[in-house]
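Chemist: Protein chains in written order, with the working numbering: chain A, 1 to 179; chain B, 180 to 473; chain C, 474 to 722.
Not one of these hints is a red herring.
In silico DSS-like pairs for lysine-lysine, Cα to Cα no more than 30 Å straight-line: (1) B/LYS391 / B/LYS368; (2) C/LYS568 / A/LYS144; (3) A/LYS47 / A/LYS31; (4) C/LYS571 / A/LYS144.
It is worth saying that the hints were derived from the structure and are not from the lab.
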Amino acid sequence: MTAEQVPTPVDEVLSQLPGLEISRVSGSRVKLRVPGQRLPGLLALLKGQAGYLHLSAISCVDWPQTDEFELVYHVWSYETKVMVSAHVRIPREPGRYVSVYDLFIPAGYFERDIHEMFGVEFEGAPDLRPFVLTEWHGPPPMLKSFSSIDYVEEQYDWRDYRPDWLADVEQRGGGIEET
Amino acid sequence: MMTVAVQMLLMPLVAFLVGLVLVLFMRRLRARIERRVGPPLLQPVYDIVKLYGKRSQISHGPMHEISIMMVVGGVIAVVLFLPVPGMQGLAAHGDLITLVYLLMVPSLGLALGVGQCANPNGSIGISRALTAMVGYDIPLMLVVAGVAIAYGTTSLPQILAMQGGTWGVFQMPLLALAMLIATYGMLAKEPFEIYTAPAEIATGPMVEMGGKFMGALFVMQCFQIYTAGALFTVLFLGGGASWPGFLLKVFAVAAIPLTLTNLFPRYRAERVLHWMWKWPTGIALLGLALIMLR
Amino acid sequence: MAGKTIPIESDPNTEVACRDVGGEERSLLRRVVDQFADHCRARSLFVLHYCTGCGAIELPPSITARFDLERMGIQPMATPRQADILLITGYLAVKTLKRVILTYEQMPGPKYVVGFGSCTINGGMYWHSYATIKQLGNYIPVELYIAGCMPRPEAIQQMFLELMARIDRGEARAWEDYYRRYDAYLAQQQSLFGTRWEGPTDVVAEARRYGLLEHQTLGPHTAHLERYAPYHRELGVPLADKRGSGSLV
Numbered sequence: 001m002t003a004e005q006v007p008t009p010v011d012e013v014l015s016q017l018p019g020l021e022i023s024r025v026s027g028s029r030v031k032l033r034v035p036g037q038r039l040p041g042l043l044a045l046l047k048g049q050a051g052y053l054h055l056s057a058i059s060c061v062d063w064p065q066t067d068e069f070e071l072v073y074h075v076w077s078y079e080t081k082v083m084v085s086a087h088v089r090i091p092r093e094p095g096r097y098v099s100v101y102d103l104f105i106p107a108g109y110f111e112r113d114i115h116e117m118f119g120v121e122f123e124g125a126p127d128l129r130p131f132v133l134t135e136w137h138g139p140p141p142m143l144k145s146f147s148s149i150d151y152v153e154e155q156y157d158w159r160d161y162r163p164d165w166l167a168d169v170e171q172r173g174g175g176i177e178e179t
Numbered sequence: 180m181m182t183v184a185v186q187m188l189l190m191p192l193v194a195f196l197v198g199l200v201l202v203l204f205m206r207r208l209r210a211r212i213e214r215r216v217g218p219p220l221l222q223p224v225y226d227i228v229k230l231y232g233k234r235s236q237i238s239h240g241p242m243h244e245i246s247i248m249m250v251v252g253g254v255i256a257v258v259l260f261l262p263v264p265g266m267q268g269l270a271a272h273g274d275l276i277t278l279v280y281l282l283m284v285p286s287l288g289l290a291l292g293v294g295q296c297a298n299p300n301g302s303i304g305i306s307r308a309l310t311a312m313v314g315y316d317i318p319l320m321l322v323v324a325g326v327a328i329a330y331g332t333t334s335l336p337q338i339l340a341m342q343g344g345t346w347g348v349f350q351m352p353l354l355a356l357a358m359l360i361a362t363y364g365m366l367a368k369e370p371f372e373i374y375t376a377p378a379e380i381a382t383g384p385m386v387e388m389g390g391k392f393m394g395a396l397f398v399m400q401c402f403q404i405y406t407a408g409a410l411f412t413v414l415f416l417g418g419g420a421s422w423p424g425f426l427l428k429v430f431a432v433a434a435i436p437l438t439l440t441n442l443f444p445r446y447r448a449e450r451v452l453h454w455m456w457k458w459p460t461g462i463a464l465l466g467l468a469l470i471m472l473r
Numbered sequence: 474m475a476g477k478t479i480p481i482e483s484d485p486n487t488e489v490a491c492r493d494v495g496g497e498e499r500s501l502l503r504r505v506v507d508q509f510a511d512h513c514r515a516r517s518l519f520v521l522h523y524c525t526g527c528g529a530i531e532l533p534p535s536i537t538a539r540f541d542l543e544r545m546g547i548q549p550m551a552t553p554r555q556a557d558i559l560l561i562t563g564y565l566a567v568k569t570l571k572r573v574i575l576t577y578e579q580m581p582g583p584k585y586v587v588g589f590g591s592c593t594i595n596g597g598m599y600w601h602s603y604a605t606i607k608q609l610g611n612y613i614p615v616e617l618y619i620a621g622c623m624p625r626p627e628a629i630q631q632m633f634l635e636l637m638a639r640i641d642r643g644e645a646r647a648w649e650d651y652y653r654r655y656d657a658y659l660a661q662q663q664s665l666f667g668t669r670w671e672g673p674t675d676v677v678a679e680a681r682r683y684g685l686l687e688h689q690t691l692g693p694h695t696a697h698l699e700r701y702a703p704y705h706r707e708l709g710v711p712l713a714d715k716r717g718s719g720s721l722v
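Start from the sequences, fold in the hints, and give me the full structure.
Modeler: The structure is reproduced here in structure tokens:
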């Protein structure tokens with residue numbers, strides 16, 4: 001996919017930064033793959049030059065196969081109604097990235113959420129205290145290595161439930177299948 | 180004729196019983212307007228007994244307890260000055276001005292108690308209640324002045340006697356209308372229900388009141404609706420020669436705010452003040468002018 | 474001495490009641506008054522309008538015109554100080570559970586907790602979530618459960634009728650269980666919130682006031698509460714032989 005097929009005015013911005021992969025374009029969405037250190041500059045350019053003023057979300061994906069986190073920054077332009085999703089991969093081991101709070105103030109809450117769910121540290125974020133899982137003492141729960149079912153089986157106990165109708169069903173050869 | 184002492188015991192009792200029926204009437208009326216069946220006959224009794232029968236009464240200090248006594252004491256004192264068929268109580272010894280003065284005591288008592296509760300919702304609620312009081316008291320005072328000038332006396336038994344021929348509401352209709360609106364504000368029903376406001380400030384002054392405190396407030400509500408109806412009846416509807424007529428008038432007067440309240444949402448706090456100082460005050464001033472020009 | 478003796482295990486100088494003061498021990502006047510009070514309590518129930526989970530969507534249909542709950546004397550109230558019933562409608566996140574316990578302890582007794590929906594019974598739809606609790610009865614004493622996801626207004630009415638019948642018979646005393654076995658409840662709460670967790674009210678003092686302070690009220694988990702009440706030491710209840718965990722003095 002070459003730069004000519006990307007709708008302007010984001011075209012000029014994207015041509016200023018080498019090393020981008022523009023992997024998918026539809027009518028209103030552009031997906032970019034960015035090397036780690038270029039992302040804040042890209043966002044600053046998008047905001048300043050191309051009018052992408054709205055940060056819709058920051059998402060995080062856990063890739064245990066390659067030991068990486070993939071952060072996705074979705075920015076939206078009100079004028080051209082195009083959403084640009086910028087993907088950046090960071091290694092899991094330090095799990096640190098820079099905060100874009102100085103560019104987009106809503107990033108504060110998204111980064112706070114990713115910090116408590118994935119454990120990614122954002123340098124320069126104003127506040128990284130947990131706000132959804134305030135009584136949580138375990139590992140970051142959205143990691144693929146965290147098994148919710150195992151945690152629940154260990155922490156809580158179940159109510160004994162042996163009703164008559166279930167006994168009847170089991171007598172006839174049926175029952176509840178445990179997966 | 181009963182002695183004054185016996186009347187002083189009987190009048191609050193009768194007022195309480197009539198008030199219980201009025202509270203039931205209010206809830207059933209609301210239910211019928213909303214196309215449902217209301218609570219059963221003894222519901223106000225069940226509510227009050229249950230509240231007093233709570234196993235723990237959470238009190239916030241001695242001032243909290245005294246304030247509730249002030250609230251109930253104030254409403255009982257008001258009732259003692261309202262002449263009813265057969266009993267005059269203290270009405271011959273005190274007059275309309277005393278009664279209106281005593282009408283403010285329950286709110287002040289509530290304010291003292293709420294101050295002790297240290298809950299910001301309560302403080303906001305009671306400041307709104309006193310704001311509303313400033314709102315409806317202006318037309319109320321104008322009506323009191325007009326009535327005093329028209330009848331030439333502030334003694335309630337004499338006012339009753341002077342209405343033998345025609346009722347006050349036909350002699351001074353504008354003042355009666357202003358009094359009705361001021362009474363509506365005093366009952367603090369929608370749209371003037373700014374001090375309770377359950378969805379905004381968690382019932383305002385009642386936020387920390389449970390158990391016997393809430394029971395006392397339920398008792399106060401019984402007395403309050405009765406007082407509202409009875410005061411208007413005595414001033415403008417000629418009281419009643421006998422109990423059935425008197426009760427019919429009280430219920431008719433009480434039915435007007437209790438019906439209209441189901442149709443309106445709540446005003447904002449400053450809107451209540453603006454509205455009260457515009458419409459009922461204007462009507463009362465016009466009525467007062469007509470009285471003085473006569 | 475001949476005759477039937479009632480075995481009392483506690484030292485007569487302590488306030489620990491090791492036997493349940495049942496209905497037959499109350500005087501006639503007390504029984505009549507209690508029955509009248511229960512009759513009125515059953516017919517005038519104030520529900521706290523605190524909608525904890527998704528099951529709360531079934532509460533407005535029950536209160537409004539079609540399935541009118543006010544004809545049974547039930548009305549919603551705004552604050553825990555005024556309410557009798559706490560409806561836990563639906564799932565409870567651990568974060569919400571802390572607030573629910575704060576709310577529950579602020580309510581004056583007698584108070585009734587109703588577990589509404591399958592999530593309070595055995596985890597329900599969110600049984601495999603790390604952030605919700607699975608059995609409500611472990612953390613606060615529950616009077617009744619309604620199964621359903623969520624229960625229909627007819628089921629809610631059935632529940633209220635059952636609750637009213639129970640209050641009438643004098644059997645709705647699950648709230649006393651909180652005082653009788655506070656240590657067990659506190660242990661479960663601390664397993665979620667940390668070992669230094671304590672509620673906003675002095676539950677031990679309330680238990681003492683109601684006469685419900687029993688052997689299972691105090692225990693190893695309530696030990697850190699004694700910094701609030703020197704009278705805990707006056708009780709001198711020897712727990713070492715029962716539990717082997719050391720005495721509370």
